[in-house]
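Peer 1: Here's the letter readout for the chains.
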Amino acid sequence: MSVISRPEVAHLARLARIDMTDDELDRMAGQLDAVLEAVKQVAAAVTDDVPATSHPLPLRNVTRPDVVRPGLTAEEALAAAPEVEDGRFRVPMILGEDA
Amino acid sequence: MPFEEAVERFDPVMGLEVHVELSTVTKMFSGAPTEFGAEPNTQVDPVSLGLPGALPVLNAKALESAIRIGLALNCTIATECRFARKNYFYPDMPKNFQTSQYDEPIAFDGWLDVEVPASEDGTGEAFTYRVQIERAHMEEDTGKSSHVGGATGRIHGAEYSLVDYNRAGIPLIEIVTRPLTGAGRRAPEVAKAYVATLRDLLRGLDVSDVRMEQGSMRCDVNLSLRDSPEAPLGTRSETKNVNSLRSVERAVRYEVGRQAALLSAGGRVVQETRHWHEDTGLTTSGREKSDAEDYRYFPEPDLVPIAPDPAWVEELRATLPEPPAARRRRLQAEWGFSDLELRDVVNAGALDLVEATVAAGCPAAAARKWWTGEIARRANAEGIELASSPVTPQQVAELQALVDAGTLNDRLARTALEGVLAGEGSPQQVVQARGLAVVSDEGALTAAVDAAIAANPGVADKIRAGKVQAAGALIGAVMKEMRGQADAARVRELVLERVAAG
Amino acid sequence: MSGAGDLTRWDAARIADALRAGVVSSVEVTQAHLDRIAAVDGDAGGGVHAFLHVAAEQALAAAAAVDADRARGAELGPLAGVPIGVKDVLTTRGMPTTCGSRILEGWVPPYDATVVRQLRAAGLVVVGKTNMDEFAMGSTTEHSAFGPTRNPWDLERIPGGSGGGSAAALAAFEVPLTVGSDTGGSIRQPAAVTGTVGVKPTYGGVSRYGLVAMASSLDQAGPCGRTVLDTALLHEVMAGHDPYDSTSLPGEVPALAAAAREGARGGLAGVRVGVVRELGGEGYQAGVRARFDEAVALLTEAGADVVEVSCPNLVHALPAYYLIMPSEASSNLAKYDGMRYGLRVVPGGDGVTAEQVMAATRAAGFGEEVKRRIILGTYALSAGYYDAYYGSAQKVRTLVQRDFAAAFGQVDVLVSPTAPTTAYRLGEKLDDPLAMYAGDVATIPANLAGIPGMSLPVGLAEEDGLPVGLQVLAPVREDARLYRVGAALEALLVQRWGGPLLERVPELAVTRTGAGA
Ligand SMILES: [Mg+2]
Ligand SMILES: [Zn+2]
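Chains as they are written, first to last, in our numbering: chain A, 30 to 128; chain B, 164 to 665; chain C, 16 to 532.
In case anyone wonders, no lab produced these hints; they're calculated from the structure.
Glycine is no exception: its CB is placed at the ideal position from the N, C-alpha and C atoms.
Hints may contain errors.
Partner residues are not named here, just some residues of chain B that face chain A (Cβ under 10 Å, in silico) [to be verified]:
| no. | residue |
| --- | --- |
| 1 | 195 |
| 2 | 208 |
| 3 | 210 |
| 4 | 211 |
| 5 | 306 |
| 6 | 311 |
| 7 | 463 |
| 8 | 466 |
Listed next, the stretches of chain C that the computed footprint assigns to chain A, with coverage defined by at least 3 CB atoms under 8 Å from CB atoms of chain A [said to hold, decoys possible]:
| no. | region |
| --- | --- |
| 9 | 119 to 132 |
| 10 | 261 to 268 |
| 11 | 387 to 394 |
| 12 | 407 to 413 |
Using the sequences plus the hints, can you model the full thing?
Peer 2: This is the structure in structure tokens:
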């Protein structure tokens, strides 16, 4: 009984925006299944009363004053862009909108 | 289906999500500037471009504003909260995740009392609706894409897009209501009144310039219908970026009608985001909220938790301005306005303007007439919000002072306003430049009166015979002669005087 | 200059003294190392291949500037004029930064990482960018898109990873100092298998601003050198609070070089050392265990109280790490989409959408190991699995921290072998990710807990004559203890060996004559 199925891997690849060939999917599904088999034990290692740690150190309330810091010029910002058109990043057509 | 019929058949339930851009000078997580309308990609740094290696640091002013907004909305302020990453791919989002808050918002469980004015058509009373606030959380704005090619320059049919990241990372507060129930046929008005009240509240807090037309305040309208208030909630649609008070009301009306038609035809409402079209007053289907939409939220490891010192929160509470409803009641009393008069002022979005004009020395009644009358009319014609009108409260007060001093009559005052709006300077300057002042030279006036009498002996006889109302003809002739720049009352006195004397 | 070749054998402290004394110039030292790089580094096809980019002109210019400042009698840092290599995971203004990935090939950052800014400000001479596993994902440097780095002890073997380039450059005498980054052992394991020294500082002790993220809550940049003192001197340059990094520790930088000098002089009387039962024994190569046990015996001779301590939850550290790291990485690597910088691949056909270009770009731009971790992390974070995987892993992290807290209640430092094996052959574990991951078992716990760790060489394994590393761990903010204990042990070992271990590294074939820049 495998932990993760090939269709699941295909779905994840879509979520992660990575095109994969059928061969890649097969290979990836096999490897991920082995890895997940090895790591799934963590669920059994802990109990509900154990708090989760998301930060290694207990820092709190780190902020900066609302003061402008030197940034980048438009030239610097666009220097590495694959395509530029009148001061903006040119990108292929976008489907659907989100905000 | 017509709105009236729809609300007979169904019970509308609304949920409003309002995004507010804070007026900080730098972004939420970096020191890049936030100037509106700057050249594209000039308000950026490695953080707002999501460059490899860049790290976020929270803007202290944005945190303070978030807490003050939470307090003004009667929310509980979190004793500890975290940021979370909302993961999804979109070209105007530089990191392909939005740094937001998920299960630990900075503020939650609040409410806002909204005074819903009596309906225009007089079919509904004014009443107060308490909007329950679920949460207010901190997040960052995205960049702006303009779509090139295709019919409307809108996203559909576009060939490619151009992205400007100046807006990326601008601090946002997202304010989410609990489902608004029980509004019934008044739902559209409640929605509009809520957004208007929220706008006034935020303006009062001085945390945002809340310019809906500039997108610094944006509203998403969730709406669903159910058979009765007892029935479970129906499937909702989410109409995005409804960006004017009027549109909020129209969008709710439209969705109620659209969904009612679907349901009564035995169809089902699809859970989806819809786009509002200001021009047509319609919403159209956007992305369907497929189950594939999995944002994979997790605690933002590059930012540390926020635990506001309770003492500081209390200090901030002390900085809150008077709540809008209380303020309106106070001003109505001070100005002696009727409920109807105040409603007109509020609906015109003129409350602050009238207050400022009165503060500049103008009688309240006159200030109201100007802002809800002539200036509102012209703003409407221009299609701009009253607050964006080029004339200032100071200038309106000056204009009224000239009227009260008898320097201008109403007609001349409107001409002077025209000049001010046209950018010809202060009312005083316009009066000078256009030579608008009422003629107060008795000699010239008397001469004109005598001339009129001489030209119309018959009329003079009628007046002497006691037909005082006949004086109108002579007064008209004199005003015409003076090109309107005379005080009609004074002209009348002179006419009667000279006729009697002659 | 005659003897310039010898200069590359000098450690950083000696070079710095010579520069101060005016015996050599920074330009001479820099040129000597550039020549050495040109001679032995080779390329993807052969040689050490520790460098992805060598910036000869910029380096010589920087060196000349330091010499000029010195001539003017300007106030200079202790390492001013010393050449250094920087792992290609740190942004360098005007110098390519690829993270060993096709997706960033040719990207020249418009800004310096805070660490790089500190190096330049201290007068260190950045000669180039060192090779690494793509986005620091790997333990062999074979996952670099630009070809593997080879271990100077045996060019058929891995130099460790992900920072194999930074470690190999030291072992090959191409530079006396390098900067690395350590998310699960990427500084310490390469140090162990190349016979060099590497330190993962306390999390937050060194700024992460400009350190291209793999797993934000685990990543930490750190110093690499051939001696404990050199490493301490570099650590002091890199450490300190950075307002551009929210997770940067406030407060003073501890005196690390002083701790190293003290350790080298005095013994370890009264120092309590704990041997971690769960990190050793079973599954560790015999030669590794033998060298480790000898080193522990030396510590006892030097006056340390050595006891065995148990951290039972460390057995869950590896699985927890391989959930937390990919989860954070899947999100951190989402930005590479071909829209703003780096590679863009446009699939054929018309009406191509941004979504399709992103998917094609990421498919072509990322290597297999990176894709594997992105998919794994996407899975661990997705609705329905979050609690069982990511959530549980974060709880294991708490347990690991508690174990260390308890252990440091009994002892001052903990020790273990750095890696279970010596350098294995290139390609040996390429198709078995699990086997490769297992090599991180001893280094990962420190990253989960945020504590500092050092690896230093303790000899060569009997069976293969390859270097073995010992790991020292200390409590948060107690990095100085690593240097004191490390320097003491180093002194005893060098005495026993009759010279540094690296004197035994085989002479490398010259692949090109040192034409220099
Ligand atoms: Mg929303
Ligand atoms: Zn939002």
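Peer 1: None of the hints should be skipped; say for each whether it holds.
Peer 2: Do the hints match the structure? See the list:
1. With a least beta-carbon distance of about 5 Å to chain A, the hint placing residue 195/B at the interface is held under the 10 Å criterion.
2. Here the hint on residue 208/B is kept, as its CB sits about 3 Å from the closest CB of chain A, short of 10 Å.
3. Hint status for residue 210/B relative to chain A: holds, with the closest Cβ pair at about 9 Å, below 10 Å.
4. At about 8 Å, the closest approach between the beta carbon of residue 211/B and any beta carbon in chain A falls short of 10 Å, and the interface hint on this residue holds.
5. Checking residue 306/B against chain A by beta carbon gives a least distance of about 8 Å; that is within 10 Å, so the hint holds.
6. Given hint, residue 311/B at the interface with chain A, holds; its Cβ is 8 Å from that chain's nearest Cβ, closer than 10 Å.
7. For residue 463/B, the shortest C-beta to C-beta distance to chain A is roughly 9 Å, which falls under 10 Å, so the interface hint holds.
8. Because the beta carbon of residue 466/B sits about 8 Å from the nearest beta carbon in chain A, less than 10 Å, this interface hint is met.
9. With 4 residues bearing a CB less than 8 Å from a CB of chain A, the region 119 to 132 of chain C meets the requirement of three and the coverage assertion stands.
10. Chain A is given as covering the region 261 to 268 of chain C, and this holds because 3 residues of the stretch bring a CB closer than 8 Å to a CB of that chain, at least three being needed.
11. Residues of the region 387 to 394 of chain C lying with their CB closer than 8 Å to a CB of chain A number 6, which satisfies the three-residue condition for coverage.
12. Residue count for the region 407 to 413 of chain C with a Cβ under 8 Å from a Cβ of chain A: 7. That meets the three needed, and the coverage hint holds.
Checked against the numbered hints given earlier, this structure breaks none of them.
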